[in-house]
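There are 2 protein chains.
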Amino acid sequence: MESSLLNEMVEAFKCLPGVGARTAQRMSFHLLERDREAGLRLASAMQQAIDKIGHCQLCRTLTEHEFCKICSNTGRDSSKLCIVESPSDVIALEQATDYRGHYFVLMGKLSPLDGVGPEQLGLDLLENRFETGEIKELILATNPTIEGEVTAHYIHQLAGKHDISATRIAHGVPIGGELDYVDSGTLSHAFDGRRAY
Amino acid sequence: MESSLLNEMVEAFKCLPGVGARTAQRMSFHLLERDREAGLRLASAMQQAIDKIGHCQLCRTLTEHEFCKICSNTGRDSSKLCIVESPSDVIALEQATDYRGHYFVLMGKLSPLDGVGPEQLGLDLLENRFETGEIKELILATNPTIEGEVTAHYIHQLAGKHDISATRIAHGVPIGGELDYVDSGTLSHAFDGRRAY
Chain A
1 MESSLLNEMV EAFKCLPGVG ARTAQRMSFH LLERDREAGL RLASAMQQAI
51 DKIGHCQLCR TLTEHEFCKI CSNTGRDSSK LCIVESPSDV IALEQATDYR
101 GHYFVLMGKL SPLDGVGPEQ LGLDLLENRF ETGEIKELIL ATNPTIEGEV
151 TAHYIHQLAG KHDISATRIA HGVPIGGELD YVDSGTLSHA FDGRRAY
Chain B
1 MESSLLNEMV EAFKCLPGVG ARTAQRMSFH LLERDREAGL RLASAMQQAI
51 DKIGHCQLCR TLTEHEFCKI CSNTGRDSSK LCIVESPSDV IALEQATDYR
101 GHYFVLMGKL SPLDGVGPEQ LGLDLLENRF ETGEIKELIL ATNPTIEGEV
151 TAHYIHQLAG KHDISATRIA HGVPIGGELD YVDSGTLSHA FDGRRAY
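Residue numbers (UniProt numbering), protein chains in the order written: chain A, 1 to 197; chain B, 1 to 197.
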């Protein structure tokens with residue numbers, strides 16, 4: 001490719017998820033040919049965010065403050081704690097539900113092969129919160145993958161030691177889905193988990 | 001959304017082509033959670049490129065130097081000039097063909113409704129080059145859209161005034177394509193443009 005700065009920019013764009021060589025080239029040309037101002041704005045927003053955003057001291061989600069908005073909101077129900085894997089799960093739950101409790105963001109899931117153990121997920125921090133006795137219900141909202149289930153199981157046992165009841169979000173046929181398009185694992189889960197009509 | 005810096009970053013990502021709200025969020029979280037270093041590298045590569053990359057004084061393509069690599073390469077055939085709409089077309093032609101002449105990059109196409117006339121495409125610059133008498137063949141490789149055809153036609157007439165012969169790249173059925181999947185415009189073009197076997 002012609003220009004080495006252009007080349008570097010295209011290469012750098014490939015770090016984004018779902019961006020390959022062609023998309024990286026398209027993005028670079030778009031910014032250079034059509035919207036340099038937006039490109040500079042994006043670059044500075046990225047630098048600012050990466051420099052200043054750290055983790056909430058209470059729930060570990062991403063925030064530029066010591067405590068995130070949800071943790072520092074005294075109007076929320078502090079007896080409920082919802083365990084999720086990532087900050088985007090918090091956003092998804094906040095948008096979809098009327099849950100008004102608190103969250104704890106693992107920033108990952110138990111995965112010993114990748115070197116992710118209880119410490120990496122901040123479970124010591126979580127246990128400290130269990131010890132305060134404030135939490136009455138724990139909602140396990142990790143993903144329904146093998147690692148997610150193992151993580152939920154581990155935290156459930158941890159909560160058991162402190163006599164905290166834990167619930168798991170329901171798995172089953174998605175709303176609007178059709179039975180014959182749903183995979184057999186989900187279907188058997190939905191069947192086993194049937195409830196009184 | 002929780003953090004305002006995060007919010008700004010997500011908003012800024014939407015300036016990229018093909019990136020909507022969800023992808024912007026995914027990209028932001030990916031950089032913040034998994035690869036902050038690559039994010040900083042991308043931000044600085046963008047700033048560098050946007051700051052320093054301008055246009056080649058001869059062919060108008062993107063370059064951080066006064067003349068681009070192709071224009072300053074004395075080994076290339078300066079009697080041939082290929083007209084394309086954008087720098088990515090140059091890359092595509094360089095990769096696909098063994099063309100060793102020069103390029104002229106319009107950085108757009110004639111589109112009076114959007115205020116793009118001959119001046120915006122640097123056609124005065126092109127005419128200066130015609131006047132030197134160095135160019136013997138003009139290859140019109142604008143896109144086969146209405147604007148691209150109009151642009152090619154306009155430049156063809158311009159070249160005619162200087163007795164320069166112009167050719168147009170062939171349009172027809174793409175290699176590997178199947179006749180019944182090709183649109184009727186392309187097919188009629190391919191039929192009209194048939195050549196001795």
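Everything labelled a hint here was simulated from the structure, so no lab data went into it.
Where hints are given, some of them may not hold.
Note that identical chains are pooled: a pair holds if it fits in a single copy or bridges any two copies.
Claimed, not checked - In the DSSO-like style, the derived pairs of lysine-lysine whose C-alpha atoms are separated by at most 30 Å in a straight line are:
(1) Lys14 to Lys52
(2) Lys69 to Lys80
(3) Lys161 to Lys136
(4) Lys80 to Lys14
Every value quoted in this text rests on a predicted model; they were computed, and no experiment measured them.
Hint check:
no. : hint             : verdict
1   : Lys14 to Lys52   : both (23 Å within a copy, 21 Å between copies)
2   : Lys69 to Lys80   : within (16 Å within a copy, 63 Å between copies)
3   : Lys161 to Lys136 : within (13 Å within a copy, 86 Å between copies)
4   : Lys80 to Lys14   : neither (40 Å within a copy, 35 Å between copies)
Comparing the model with each earlier hint shows a violation of hint 4 alone; every other hint is respected.
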